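Colleague: Residues per chain are reported as follows:
2 protein chains.
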Amino acid sequence: MSIRIAALRAARPTSSRPKVSLPQLSRRAYSTPSSRAAPSYKRLGASAATGFAIALGYTIYHGYNESKQVRCDAAPLVDAVDTYGYPWLPVHAIEKDDPKNPMRIRMANWVKSLQDHIVNTMEEIESASEPNSFSPSSESPKFLRDTWLRKEGGEGSSCVLAGGRVFEKAGVNVSVVHGSLPPRAQKAMLPDHPSLPEPIETVPFFATGLSIVIHPRNPHVPTVHLNYRYFEIEDPQNPNEPKAWWFGGGSDLTPSYLDEDDCIHFHQELKKACDKHDSRYWPDFKKACDKYFFITHRGESRGIGGIFFDDLTTSSPINQPPVSTMKHKTKEDLFEFVKDASSAFLPAYVPIVYKHKDRKWTEEERRWQQLRRGRYVEFNLVYDRGTKFGLHTPGARVESILMSLPETARWEYMSPVGAEGSNTREEELQKVLKNPKEWV
Amino acid sequence: MSIRIAALRAARPTSSRPKVSLPQLSRRAYSTPSSRAAPSYKRLGASAATGFAIALGYTIYHGYNESKQVRCDAAPLVDAVDTYGYPWLPVHAIEKDDPKNPMRIRMANWVKSLQDHIVNTMEEIESASEPNSFSPSSESPKFLRDTWLRKEGGEGSSCVLAGGRVFEKAGVNVSVVHGSLPPRAQKAMLPDHPSLPEPIETVPFFATGLSIVIHPRNPHVPTVHLNYRYFEIEDPQNPNEPKAWWFGGGSDLTPSYLDEDDCIHFHQELKKACDKHDSRYWPDFKKACDKYFFITHRGESRGIGGIFFDDLTTSSPINQPPVSTMKHKTKEDLFEFVKDASSAFLPAYVPIVYKHKDRKWTEEERRWQQLRRGRYVEFNLVYDRGTKFGLHTPGARVESILMSLPETARWEYMSPVGAEGSNTREEELQKVLKNPKEWV
Chain X
72 MSIRIAALRA
82 ARPTSSRPKV
92 SLPQLSRRAY
102 STPSSRAAPS
112 YKRLGASAAT
122 GFAIALGYTI
132 YHGYNESKQV
142 RCDAAPLVDA
152 VDTYGYPWLP
162 VHAIEKDDPK
172 NPMRIRMANW
182 VKSLQDHIVN
192 TMEEIESASE
202 PNSFSPSSES
212 PKFLRDTWLR
222 KEGGEGSSCV
232 LAGGRVFEKA
242 GVNVSVVHGS
252 LPPRAQKAML
262 PDHPSLPEPI
272 ETVPFFATGL
282 SIVIHPRNPH
292 VPTVHLNYRY
302 FEIEDPQNPN
312 EPKAWWFGGG
322 SDLTPSYLDE
332 DDCIHFHQEL
342 KKACDKHDSR
352 YWPDFKKACD
362 KYFFITHRGE
372 SRGIGGIFFD
382 DLTTSSPINQ
392 PPVSTMKHKT
402 KEDLFEFVKD
412 ASSAFLPAYV
422 PIVYKHKDRK
432 WTEEERRWQQ
442 LRRGRYVEFN
452 LVYDRGTKFG
462 LHTPGARVES
472 ILMSLPETAR
482 WEYMSPVGAE
492 GSNTREEELQ
502 KVLKNPKEWV
Chain F
72 MSIRIAALRA
82 ARPTSSRPKV
92 SLPQLSRRAY
102 STPSSRAAPS
112 YKRLGASAAT
122 GFAIALGYTI
132 YHGYNESKQV
142 RCDAAPLVDA
152 VDTYGYPWLP
162 VHAIEKDDPK
172 NPMRIRMANW
182 VKSLQDHIVN
192 TMEEIESASE
202 PNSFSPSSES
212 PKFLRDTWLR
222 KEGGEGSSCV
232 LAGGRVFEKA
242 GVNVSVVHGS
252 LPPRAQKAML
262 PDHPSLPEPI
272 ETVPFFATGL
282 SIVIHPRNPH
292 VPTVHLNYRY
302 FEIEDPQNPN
312 EPKAWWFGGG
322 SDLTPSYLDE
332 DDCIHFHQEL
342 KKACDKHDSR
352 YWPDFKKACD
362 KYFFITHRGE
372 SRGIGGIFFD
382 DLTTSSPINQ
392 PPVSTMKHKT
402 KEDLFEFVKD
412 ASSAFLPAYV
422 PIVYKHKDRK
432 WTEEERRWQQ
442 LRRGRYVEFN
452 LVYDRGTKFG
462 LHTPGARVES
472 ILMSLPETAR
482 WEYMSPVGAE
492 GSNTREEELQ
502 KVLKNPKEWV
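As they're listed, the protein sequences go chains X and F.
72 is the number of the first residue of the first sequence in my numbering; add one for each residue after it.
72 is the number of the first residue of the second sequence in my numbering; add one for each residue after it.
Be aware that a few hints might be false.
All copies of an identical chain are treated as equivalent in the list; a pair is satisfied when it fits inside any one copy or across any two copies.
[Unchecked claim] 27 Å max Cα-Cα, derived BS3-like pairs, lysine-lysine:
(1) K459 to K362
(2) K222 to K505
(3) K258 to K459
(4) K402 to K358
(5) K508 to K398
(6) K258 to K171
(7) K505 to K459
(8) K347 to K222
(9) K213 to K505
(10) K505 to K362
It should be emphasised that the hints constitute simulated quantities derived from the structure, not laboratory data.
None of these values were measured; they are calculated from a predicted model.
Same shape as in the complex, but just chain X (with noise of 0.2 Å):
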């Protein structure tokens, strides 16, 4: 295992491909998809546009067009336009990131690198293990790759393995999206982002992001999710020079069974990713993690934590010089820091993957794990804010937002599993659920 973990920790996507010309997202020609095929391209899928939830606010999902949808490796030849009305090329995912390009861009081909880098590796995973009874076939599993274009402009794409070996159900989506938002959706982001300029009229926004939700199968295997976003508010004067902007994003844990070296483990590699950057970032973020992945129904945690932040931009006040010797943070600063952070994904979630994968569960244990994915479920429908802007938008495309609920899940009445004083593996967790600890 140790090599394949040393391996997985240069977990930031390096190239093997073909590097391809970076086409603008604006003020560009249109060229037909088969102009623009390449291997690396092709591999990523024609990485059109999904609605997936990135909690970035009800207008993103309008207007889906159902229609257009395409799988990966078709080249999406649609009408789609761009924020100024030229055609809509996809972003190609390139892995040499160039800071000549603008933000919108570099962070749509970080997400995308990140995205295929994650697919591929969860595939490695199914395909180190044997075949199953839930997954009998001798072809390992494969994600499905399903690719969207928006009709007013956008892209994305939902790759999602379900029946894995490993995996029961899994997804990790891109979204590359870009439309109007109006003063009202404006005011209503405004507590939150205080850059935000003056909510007079309907501006122009982009937002794209990548999000994961794994659900493995053995109840020893935990579930993890992973959000990382970057949003601004468009200039139409200066394309190139947003007028708002920011980052948001983070990754937690969430085990049906409590293994504090494991917990251990993914809290220290996310905390690594933070310390490089700021040290005020890791207890800032673990504290907004757990604040905001909680059950106020239940009276606990979703899971046993790890990072969340929302609003990281250079006026942010985490970002603001603590003292005359620290110099301000730059746009540059942060991205590398949304690239460490979303980078210590794989380091910290597959090792605890091999660790467990193969142990064997009991019905009792595989009982728990699916009263557990119930609270799962119960988070997701009642409090999480990209669920339900996602389902109260028109339009929105259900299929991708709610991706990220397990394939089964289970409720029972006054269940007596994890009662408490049962003094079982199954309280064991609870109790950790009801008071978060600081793992590292």
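Following the hints, put chain F in place on chain X, whose structure we already have.
Modeller: Then chain F, alone, in the frame of chain X:
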């Protein structure tokens, strides 16, 4: 089966038990539980308070005293008090309704008697069925009868069956609660309840209701839901003359497979109960049911309908005399309607259970049922007012609120089961859910 059904059609509970004297809810001396024990009292359980959600506003659920939890057949001896500070005595369910009593006593009596009757009938169905792999015991499955007292006054009982031969999970719940309704909560209720006095001060309220959700095991037996409730704003100067009051309720059917005869039968039974009282009830309440139980983000109904009404009071628009020859309805008339409508539950549902309960099913049919249950969870957690109010209420009894959720549910990304154009029985149901039908 016909004899059984005939018996069920006489659905109003008929007495075969000794009458007991009717205790008042207020202004009465405290007597020890032993002096109140009577056969029917024992059979119904100690009927202590539960916070089961009946959509009556968020103040109702506050402050349940879990430590006072008692089981049925145990006479509770707790320091609960009524609206006026007097010791709270659980309502005895008696089977003779006395019009001299205030409506809150009469309705509480009614729902308790009906609960008892329905629980017994369902246990009869269980005992009339053979043990199976899910419920292999030779002993026929029984409901767990769980009762509470609410410290501030009020009582309830949750009767729950899990792991039955026929019923996978079933809850039959009564609550009889009162409390204080601050102006803010009254204002929130005003749009739906114009008979409320002007919200200027905190007012005492009383609420009682019966709630049922039944999830059968066999995919060919539909899920069913029922809720009937009575609400009043009390007048402390005149406990027997509330300042405002209304009835609400309904019942609806959620099949996984469409059986048109079932749909017609279910609706016919409810329509009969409606038509007996007012020809306007059925069309109005059927439409309201289709409107309420709608999963907006899926663009489909939760089930195939039934009836739903709220704010049913003598001043409700639907109860205004349409022509000069018609006389105004009295509160007594409305109570009679509620009794008939709720009594229609067993004759509407039980024949459907008997018709399908012994049918064989395939794994594929079970999978579709689980997917449909996923939609049921989506509706209840995202849209159902009672559930939402309950979950957002500090101190709510979550176990009772979420008892409506199925034991198991399933979500698949872009599931092929029931997909458009598949020409399957699953798609047949889907079509009806997208275009609600008039069944009678």
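Colleague: State for each hint whether it applies.
Modeller: For each hint, the structure was consulted:
no.	hint	verdict
1	K459 to K362	both (18 Å within a copy, 20 Å between copies)
2	K222 to K505	between (45 Å within a copy, 25 Å between copies)
3	K258 to K459	both (18 Å within a copy, 25 Å between copies)
4	K402 to K358	within (24 Å within a copy, 55 Å between copies)
5	K508 to K398	neither (33 Å within a copy, 67 Å between copies)
6	K258 to K171	neither (32 Å within a copy, 56 Å between copies)
7	K505 to K459	both (24 Å within a copy, 22 Å between copies)
8	K347 to K222	neither (40 Å within a copy, 54 Å between copies)
9	K213 to K505	neither (37 Å within a copy, 33 Å between copies)
10	K505 to K362	within (12 Å within a copy, 38 Å between copies)
Of the hints listed earlier, those the structure fails to meet are numbers 5, 6, 8, 9, in rising order.
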